[in-house]
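2 protein chains.
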Amino acid sequence: MTSDKQRILILGGGFAGVYTAMYLEQGMFGFERHKYEISLVSLENYMVFQPFLPEVISGTIEMMHVITPIRRLAKRTNLHTREIQKIDLARKIVTLGPEFQPKTKELPFDHLVIALGSRLNYDIVPGMREHAIPFKYLGDALRLRNVIVQVLEEADNEDDPVERQRLLTFIVGGGGFSGVECVAELHDFLRSALPAYRSLKMSEVRVILLQSADRILPELGESLAAYAQTILTKRGIEIRLNTRLKSVTANGAVIQAKGSNGEEVVAARVVVATVPSAPHRLVEQLPFEKDKNGRVIVLPEINVPGQSHVWMLGDCAAVPQPDGIMSPPTAQHALRQAKTCADNILATLRGTPLKRFSFTGLGKLASLGHYSAVAEVMGIKLRGFIAWLFWRAIYLTKFPGFDRKLRIFTDWFLDEFLPRDITEVRIFRPESVTREHFHTGEPVFDQGDVGDKVYVVVKGEADVIFNGTTVATLKHGEVFGEMALISDHSRSAALRAKTPLDLISISREAFEQLVTHLPGVKASMDEVLQKHLMAAKAIEAEVRDQVTLGRMD
Amino acid sequence: MTSDKQRILILGGGFAGVYTAMYLEQGMFGFERHKYEISLVSLENYMVFQPFLPEVISGTIEMMHVITPIRRLAKRTNLHTREIQKIDLARKIVTLGPEFQPKTKELPFDHLVIALGSRLNYDIVPGMREHAIPFKYLGDALRLRNVIVQVLEEADNEDDPVERQRLLTFIVGGGGFSGVECVAELHDFLRSALPAYRSLKMSEVRVILLQSADRILPELGESLAAYAQTILTKRGIEIRLNTRLKSVTANGAVIQAKGSNGEEVVAARVVVATVPSAPHRLVEQLPFEKDKNGRVIVLPEINVPGQSHVWMLGDCAAVPQPDGIMSPPTAQHALRQAKTCADNILATLRGTPLKRFSFTGLGKLASLGHYSAVAEVMGIKLRGFIAWLFWRAIYLTKFPGFDRKLRIFTDWFLDEFLPRDITEVRIFRPESVTREHFHTGEPVFDQGDVGDKVYVVVKGEADVIFNGTTVATLKHGEVFGEMALISDHSRSAALRAKTPLDLISISREAFEQLVTHLPGVKASMDEVLQKHLMAAKAIEAEVRDQVTLGRMD
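If you're matching them up, the sequences are chains B and G in order. Using this note's numbering, the first residue of the first sequence is number 2, and each one after it goes up by one. Using this note's numbering, the first residue of the second sequence is number 2, and each one after it goes up by one.
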């Protein structure tokens, strides 16, 4: 912590960041350890071994086994597990957000390594942020698994055929590596879990893969992709090519075929998003030249042009291969970039010459689950069981740390004999103040439903429907649903989206807190309530009149 | 699902409920399966094997292995995983809360088995609900483990000795079985995890067990309790007898010795609550006679007096043993009660005579972690390693299902060789609208802190302090902290509890949503902001005057 040390600060706890720390530790001579200090910032204190993440869905590998504590990999590195708030290149300071105390923390650096990866871009598809389950981080895999079990539990007791089909429909958006592996493991899990449910049959289950391009796995050659498509289709997975996700709601997805104007509403409780990706928020703000995907263009030495002390690698950087093509966002590339980066930082510190990144990729592998995979390794194409064995062998070898290798091997071994886990751990509470999206015509709630939320219209319009008749239309800023909460009754009218509709929903508990304690809320809510009560009375009177008139006819 | 079947409805997915279902299934003759229908309601779709729950904290058993899917244990039972909203004894209907759709569900019954267990009673200790981590359910164990890792991560980089000690202090409330096993495993985990943290030493760690009685483990004989106390004290755990938790805040606990008026504030980030317990909310509402602990007094036949079709067992019922003493709330009693209950339900349906509950307990076991335990079995007292081996053997045998036995055995085996897991999975997001408690004199925030929340005073008073001087005192309904949020700046003044203080805190995100969209909020917040800005200006002017005056002196 003394300031006479050269401080190397790494941002990001993925392959790129963690391996840079590891290679730096390995590359240092003993006497250099007192001269150079390595720090790494990662919100999570573990590195996820991404290739195994899909297997967390099916449960063939246990959740905690696809991750490794960063401290055990980079033992001489200071780890900071906080959010990064700001990168100040001029002052050479990175600011971290607060943790237990509402205080930020400043980390000065001499060399900065930025390996912040990418994030899912929710902004393109309406409702995706609110209702789709992303598939990128470990928490996502856990959440997805829990939701799948939750819908199976509900479906098993559901007599209404429409709701039952909605519960048993699963949509995965994105036909690249991530989407294909995700849909394969999801299907695998359903197949092995279903026998535990008394009334469910696999023939009732619909699993849909959406791909906007004209084939899946564009990362692979055409023949392997075709093979993968045949395998998945045979298992019963519906692959919809040239089709994109237009919007997501709590009740399903709206999809659209390329070149068509027509939309299709697919009722589903589970919609998984694996695309599209966008650069990390902090990378977006960096004043460096970027390619069309938002990745910062770096030199073959891994540093940013004109910045000899700022290094960028992994999915947030466009690192040129020797053949001039930019490195794809894979683990094998991140690993080699980390080596080059670590070597060049040490070379800069020592005043020796830098070297250039010189890797063009060994091959490509995608698991299809259930003893099958496709692989393209040094020009050789593999598929089926042999590719699957190869896939497992390669990645198990690559997994850092003997203890995790043993744990995963044990998981795979036991999985051959023991039944799949179908437990749902209810740890994901819905937010008390949150957004919801509805497509045109979708019910927000029906007359007679349980009233457990208050809604405020943010965008679009909603019809209030009483006994089948539209009695009012709500617009921006209008509140609805407080009556059922205050009187503890069921919904006295239905609410239905007249246009694509964005709402804020406030839980009963939060609403009660706000009405009781936040100034201004009680008065304005009383006003809203009075207005609604009067409207309800007027409608009732009208209905009574109509009934009376009807009798007189 | 046809109504000519006799419907047995079980509420509760703990030992008592699940074993009742299992014994019912086992006890039925083949032809009876079409006559009787068993349903079980449990919010979680798994049963927790409570004796192993503390080991989830230390990580010797993996989280998912201490639970078993209920569907795999009771294969011919309909499982409903929803919250129970209402028990209507007169109409013989149980109403379940909504899940995906905002609709309730009604389950009619002919026989009702109530096995809802107990819950932690947060109402007695101020701040416990808001700031203590309960230790009762699986989610609690996971949350506790995550928080422990989180404080270690922070402590490793903390230079301020006061905050560092606060981060490294762990308080467990309750010296019964649950509290003792919890504190032992917590200490075990710290000891094995600490070597991974570069700057932390075990000598800095404080682990405190609070017990309001004059000895720990009141469930056991005095000599074994004394032995346990010696073992735990030797390991470095501070046992505070005759001491109770008076209040809990985000920064620590206020404790008080029996018979003393003085309070002691112990700074800590982790406070675990294992007591006190109270009856389930639904049991509280039942019109049956209860004992002083709120348990419903039942007949030795396990049914409620005067109700031949309502059965109650487990922790929510006072079931008399043959010796007249009420059964203690242990798994072994729940299991035997379930057998009697199932047999008597079948006997009632068949019209054969009922039998009485005839079990008085086999013994008592408490693990002290790290190869040590205490046991009292059929009059024989065991302690140390032999008791520990006995503990593991007994409970492994009792764990239902071969697959879980094998998984746990594998966990124990691998734990002997492999390092403990120190990963923290950040899945617990703080609520956007929540309550916070502060004791007298405690800072809510300091001048210059990051402003990430708005506060509303619910109860008590808070001083606004600017440059060391109290400039205002806030009371019920007053808002504070919106200035830093709106201007995106740091706190311009400090806020400190003048009395015990209850606040509502609203996150930046939720506050922005509410101000933008909820009618009335913007206007009243503008008013508050204007008032605060004017006050700030007045204070600034005053400070300037004082400085000027000071110069003239």
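Accuracy of the hints is not assured; some may be wrong.
If several chains are the same, the list does not tell them apart, and a pair holds so long as it fits within one copy or across any two.
To be verified - Each computed DSSO-like pair below joins lysine-lysine, with the alpha-carbon atoms no more than 30 Å apart:
#, residue 1, residue 2
1, K460, K523
2, K36, K202
3, K476, K523
4, K87, K291
5, K499, K523
6, K93, K340
7, K104, K532
8, K202, K356
9, K104, K476
If you're looking for bench data, these hints aren't it; they were derived computationally from the structure. Predicted, not measured: the structure shown is a model, and the values here were computed from it.
Structure-based check of each hint:
Proximity of K460 to K523 under the C-alpha cut-off of 30 Å is found in both arrangements, the shortest distances being 24 Å within a copy and 18 Å between copies. Taking CA atoms no more than 30 Å apart as the test, K36 paired with K202 passes between copies only; the shortest distance there is 24 Å, against 65 Å inside one copy. In this assembly of identical chains, the alpha carbons of K476 and K523 lie at most 30 Å apart whether taken from the same copy (21 Å) or from different copies (18 Å). In this homomeric assembly, K87 and K291 come within 30 Å of each other (Cα to Cα) only inside a single copy, at 19 Å, whereas the closest approach across copies is 59 Å.
With identical chains, the CA atoms of K499 and K523 are at most 30 Å apart both within one copy (29 Å) and between copies (27 Å). Taking identical chains as interchangeable, the C-alpha atoms of K93 and K340 lie at most 30 Å apart only when both belong to the same chain, with a minimum of 24 Å there against 70 Å between chains. Taking identical chains as interchangeable, the C-alpha atoms of K104 and K532 lie at most 30 Å apart only when they sit on different chains, with a minimum of 26 Å there against 45 Å within one chain. In this assembly of identical chains, K202 and K356 lie within 30 Å of each other by CA distance neither inside one copy nor across copies; the values are 59 Å within and 41 Å between.
Taking the shortest alpha-carbon separations for K104 and K476, only the inter-copy value of 26 Å comes in at or below 30 Å, while the best intra-copy value is 40 Å.
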